[in-house]
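A.B. asks: Once you've looked at the hints, dock chain B against the given chain A.
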Amino acid sequence: MEKLIHLTLRVWRQPGPDRPGRFHDYPSGPVATSLSLLELLDLVNERLTLNGEEPIAFDHDCREGICGACGAMVDGLAHGPKSETTLCQLHLRDLADGGLVVIEPFRALAFPLIKDLVVDRSALDRIMAAGGYVSVDTGGAPEANVIPIPQSDADQALAAASCIGCGACVASCPHASAMLFVGGKVSQLACLPQGQPERARRVLAMVSAADREGFGACGNHRECEAACPKRLSLRHLARMNREYLSAR
Amino acid sequence: MTIPNAGIPNAPLPEIWARFQETSPLLSPANRAKRTILVVGTGLAGSAAAATLAEQGYRVKVFCLQDSPRRAHSIAAQGGINAAKNYKHDGDSIFRLFHDTIKGGDFRAREANVYRLAQLSNAIIDHCVAQGIPFTREYGGYLANRSFGGAQVSRTFYAQGQTGQQLLLGAYGALLRQAAGGRLSLHPRTEMLDLVVVDNRVRGLVVRHLLSGQVEAHAGDAVVLATGGYANLYCLSTNARSGNVTALWRAYRRGAWFANPCFVQIHPTCLPAQGGQQSKLTLMSESLRNDGRVWVPKAAGDRRRAAAIPEDERDYFLEERYPAFGNLVPRDVASRQIKERCDLGLGIDGGRAVYLDLADAIRAQGLPAIRRKYGNLLDMYQRLTGDDPAHEPMRIYPAAHYSMGGLWVDYSLMSNLSGLFVLGEANFSDHGANRLGASALMQGLADGYFILPNTLGPYLAKAGPNPIDARHDSFRSSREEVEARLGRLLKIKGSRTAADLHRELGLLLWDHCGIVRSEAGLRAALAKLPRLREEFWGNLMVPGAGADLNQSLELAGRVADFLECGELVVQDALHRRESCGCHLREESRTEDHEPRRRDEEYAYVAAWEYRGQGQAPGLHREPLAFTLVAPGQRSYR
Chain A
145 MEKLIHLTLR
155 VWRQPGPDRP
165 GRFHDYPSGP
175 VATSLSLLEL
185 LDLVNERLTL
195 NGEEPIAFDH
205 DCREGICGAC
215 GAMVDGLAHG
225 PKSETTLCQL
235 HLRDLADGGL
245 VVIEPFRALA
255 FPLIKDLVVD
265 RSALDRIMAA
275 GGYVSVDTGG
285 APEANVIPIP
295 QSDADQALAA
305 ASCIGCGACV
315 ASCPHASAML
325 FVGGKVSQLA
335 CLPQGQPERA
345 RRVLAMVSAA
355 DREGFGACGN
365 HRECEAACPK
375 RLSLRHLARM
385 NREYLSAR
Chain B
107 MTIPNAGIPN
117 APLPEIWARF
127 QETSPLLSPA
137 NRAKRTILVV
147 GTGLAGSAAA
157 ATLAEQGYRV
167 KVFCLQDSPR
177 RAHSIAAQGG
187 INAAKNYKHD
197 GDSIFRLFHD
207 TIKGGDFRAR
217 EANVYRLAQL
227 SNAIIDHCVA
237 QGIPFTREYG
247 GYLANRSFGG
257 AQVSRTFYAQ
267 GQTGQQLLLG
277 AYGALLRQAA
287 GGRLSLHPRT
297 EMLDLVVVDN
307 RVRGLVVRHL
317 LSGQVEAHAG
327 DAVVLATGGY
337 ANLYCLSTNA
347 RSGNVTALWR
357 AYRRGAWFAN
367 PCFVQIHPTC
377 LPAQGGQQSK
387 LTLMSESLRN
397 DGRVWVPKAA
407 GDRRRAAAIP
417 EDERDYFLEE
427 RYPAFGNLVP
437 RDVASRQIKE
447 RCDLGLGIDG
457 GRAVYLDLAD
467 AIRAQGLPAI
477 RRKYGNLLDM
487 YQRLTGDDPA
497 HEPMRIYPAA
507 HYSMGGLWVD
517 YSLMSNLSGL
527 FVLGEANFSD
537 HGANRLGASA
547 LMQGLADGYF
557 ILPNTLGPYL
567 AKAGPNPIDA
577 RHDSFRSSRE
587 EVEARLGRLL
597 KIKGSRTAAD
607 LHRELGLLLW
617 DHCGIVRSEA
627 GLRAALAKLP
637 RLREEFWGNL
647 MVPGAGADLN
657 QSLELAGRVA
667 DFLECGELVV
677 QDALHRRESC
687 GCHLREESRT
697 EDHEPRRRDE
707 EYAYVAAWEY
717 RGQGQAPGLH
727 REPLAFTLVA
737 PGQRSYR
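The listed protein sequences correspond, in order, to chains A and B. In this text, residue positions in the first sequence follow this note's numbering: the first is 145, and each later residue adds one. In this text, residue positions in the second sequence follow this note's numbering: the first is 107, and each later residue adds one.
Same shape as in the complex, but just chain B:
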């Protein structure tokens, strides 16, 4: 197996990004105007990249499957975005943000990428303020900050509980400004279904227009995937319903490596699941853990109302076990602790839920102050559950939320396929085995506004124009493959819906490859997955035809890819016989039951290569070296 080369310039960490920019060839404005860039996805990373590339003079085509680019799921991020401004004068710095992110990721992220992310974090805030994004401010008019999990400083910028919405609308405005200027064309309600690769260089993609069913090919000089994560693998997740792995999976099947697929974050504070018909698990922002206290009754079987349980009969288990970070431990730690309490029968009413309680904060600060910080979150909770968190503690339970894994990229955010760039949640690069809160918005915008616009030019300057256009045979054959696959899905006419099969896949993966993973469980999943895939391709029912809006057909295609991707996720989880970040292997724990990382064997990125249907995937290991922060056993006590 080859050792993946990330192409990191040889320089001390703080100077690597400057060295990269100074030593890379440039592409002149006249030449940029001759290059077409295809961007898939319009969340923070995709919109920011597309807008900035058009500003730089490239011709840009943007594709998204929603009816408007503004609907991408970045819109739902609530709590905030990190930056190393140190406005609070509490000891923050670029190094500290880098350190917290590397440690939070449990030493499974690439050091040079994370350092660059911390360096760029401040410019993101500057740019977003210049766009007119209404961040929350202090009385004096300066920007406000709060704390998030895994940090002992206040470095999170926010717009009440709508930070993702406001940042995305800023990027969306920038995108539309370029569309109005004519350098950028928008293709909404359009889904990418294949990547066209000839001679190891990406030449374009095949898309399906979701209203007409038309399958068409687009050629370009580079393709940018910013299609988000694949937490919907678990069916029930905090993601929007349309979230899927198809763009990444199609690229994987064309040769792009999939890195660390088993690293999927389970977010601790989500609304608990109830009933078989539920369509999603809504997240309650981590910011609530600034003021909310997590607890369960000390005695199993205590069915009293929360308010009737006296203080000394409550177990504030995060505060007790992790006094240094308390309720603000990282997400993986909180999720495991909550699951353990509930598995012991200590959950609320013996079920799968614990309290997130604002009562003390309301007593200390007053309800108006709490509403000021979290107003829309409290309203959302009440709307979804019918209970008012100002009077009743919220009930929460972990749910699948974010995929740290994704397509492998080098330092320039290019995959192993020339001309395929991958941004935001879709790539693997910055969060290691666990993402800290308020870091996803930071990464998406760093990738889109600041990194790709500085790495694409050098690639194009070296690679030259793409001489193959969409009339080339490879586009036709790819289009025919896509059409044949759609036809196959429509023809089965069995007796189970794609939604039903998706639920079964989700439960299987949640049970065997969720918060806790074991050799036996993972092997059981590997035995069951091929049978479920057979069931899908033998007994699926997709109504209607392919020539107009057919939402069942869209879902079926996505579930088909989830079924394959799920197997890779389990294989990756099985091969990594250590506990790190979100990935807890039963077999790898310390004496006091904490997760045990095994650096001597697993300090690498696992980049998987597709070897054909029914073949075992190949594994490439990119070794991880840590020069500024020595990998220690992660402790938040």
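If we strip away everything but chain A, and leave its shape as in the complex, we get:
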């Protein structure tokens, strides 16, 4: 038999950016521990809908931890208490029976609130647009195996590139810094020969874009690394700092 538990969800409700918000409690009733927390929110939303109330707005899409759309603070932790887990992968078996679960949106100056748990993270796209790519047009690339890349470099680049752009690093940082996010892309391309021609320009442009968007500076609290669902290592942030200093 499926194990059942009871939870109380305390969810931040806010109709819009210019309207006041407040917490609202929703008892789960008996629910199977095999459900994910987002599936429980789906269930709560269906009940609200049938009662003629507005359901809780939240971003989500792939529900398998890779698209980066979902994200909220659960009991004060980005994506909840389980490490290396996105919100959509957090299951009720990871939570204590009978407990209160407090769910709030990611909060940061650069992530303006839209509604309930939905925030605007388009600032991350604008940082990427400043230089998070190799400037190569389609059609002129050389044969793929022309440049061998040491396996360890390729592995490090892939580890740095595993960022899903969810914003948990920002939401968990006391300075709302996006430096782990920036560091992932800078580090990925710094590890690879294809990233070399634009190496200096890229790190300067991306860091200054992050500043422009209102993200804070890194204070070495390391909350970002702990909150990152892909466990992006602080090493990438350190490499970005080196890249930045040598580029200036």
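No lab work stands behind these hints, which were simulated from the structure alone. Be aware that a few hints might be false.
To be verified - One-sided excerpt, in silico: chain B residues whose CB lies under 7 angstroms from chain A: (1) 161; (2) 282; (3) 285; (4) 649; (5) 655.
We put the CB at the ideal spot given by N, CA and C, even for glycine.
C.D. replies: Then chain B, alone, in the frame of chain A:
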């Protein structure tokens, strides 16, 4: 009925694409800068196309319904991308990739398109490496390969289990680079709700901004739909929750033909369904079948733990039935075999699940080597189920995954409507009745980076600029229709949610038009679907209003289109009285119970035309000819 003309240049297969490019008119850079292209969808096909068109000098507007273009569902593709590089020196070639893809599609794909896909496959890898995509490499620093279903060579390139993510982030980077350059504008959180067609030429589209509820029109010289597939028709699928058929369906209702709608792939290795509240069925990459062995207990009712069942009491049914391909048979074959075992009561604990077991591979290669290949997949499985696949075999069951069907396109990827191009999973062209693993990424990127950028110019050079702008009456009336429909959804105020009605539709289609289909089942579905649609339009409850973020309203609009599309899918399945690829008709089997294709009657693409609400759709048949590979009964034994 007209016979669809694919516009394939008359030349031997290997020369067709070159002939097309050499004989097509060009559009000069100065003229490209005057043309606006509207691209809907930012997965691999959409992002690659939009970025490349902007590089070529077009003005490009890009729309996606997610908050960022990087979230499109291509991001979730795990296993890899095929290319005919033959780096492994194992007999691969462009011909071999073409051959495997045509055969894998059970001879229901268009030969010239598939040949071109195989020809372009190598350039994709070159381009992606140049973008800095961190593919997995061998110790010597050269690119690594592995095998996928339906192939006896190792031609799949990969970035651990995150290949789609890495390829999409490459295309997303290219897209943002063009946005920063100013030639391309991004419109996230924007959903296409109608296509504007005047005099059989596409002039633009109507979109709804999902935060403000604002409905607006955009005019352009061409529209590109790269909106993915419609496997969410089945409600529970491996697709992201936002996946929908609306863009395709709205285009269909405006005259675009829908081809082979019943060809929807059921992927064999997904997490089994449990409970009524589950929101999706996560896929476990096919690459796991390189090292994972699929089995069930030989005896029905054997409730022992997997480890307690001795080797000779296990049925490795894929290896036994298909010794040549073993666990790497194509997806349709594996899905049917798994379903058959479970229907016989041989599934794990008598239920709907079989084992995918890495134990032998771990013993032979060591856990670190297995983790190196599949680390993030094993972690994902553990996170979702609470079980560790290093110690317990994974439990899997088939789930709806990918739609081979889609809007009909000609060789230039243009639909029957002038100026409407359809790319990636949204079109029907390359996978026939079954897609091979690691071919979706290949097709999306071939369409986006290499095909459309070479076929759009010739179309525009011939068609000239679009003289109608968004102030034209047809845009206003289309906008009003969209607003009226949204208003209608909001006004019903009944007692069932769109999610609830979607679940009912999904179950109905899974039961009657899933892995196995029969005349009686399909007819039963056709009888039930109109009643479900009536229930929807009479008893739907959408809370809130239309003037801000309203996720219930978004879902309701998509489910409304699924309800109509589901009927076309069933009609197509009913009319095709043969078994081919994913489409198994009970009535069409060989003596040894294998699917029987009927080339003499069904070697064609079924392109359906909308004839109005309540009218039977019209059927156009595009005959399929095979010159290089003779259609044989597909065997993987």
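A.B. asks: Does each hint hold? Answer for all of them.
C.D. replies: Each hint tested on the structure:
no.	hint	verdict
1	161	5 angstroms, holds
2	282	4 angstroms, holds
3	285	5 angstroms, holds
4	649	5 angstroms, holds
5	655	5 angstroms, holds
Of the numbered hints listed earlier, not one is contradicted by the structure.
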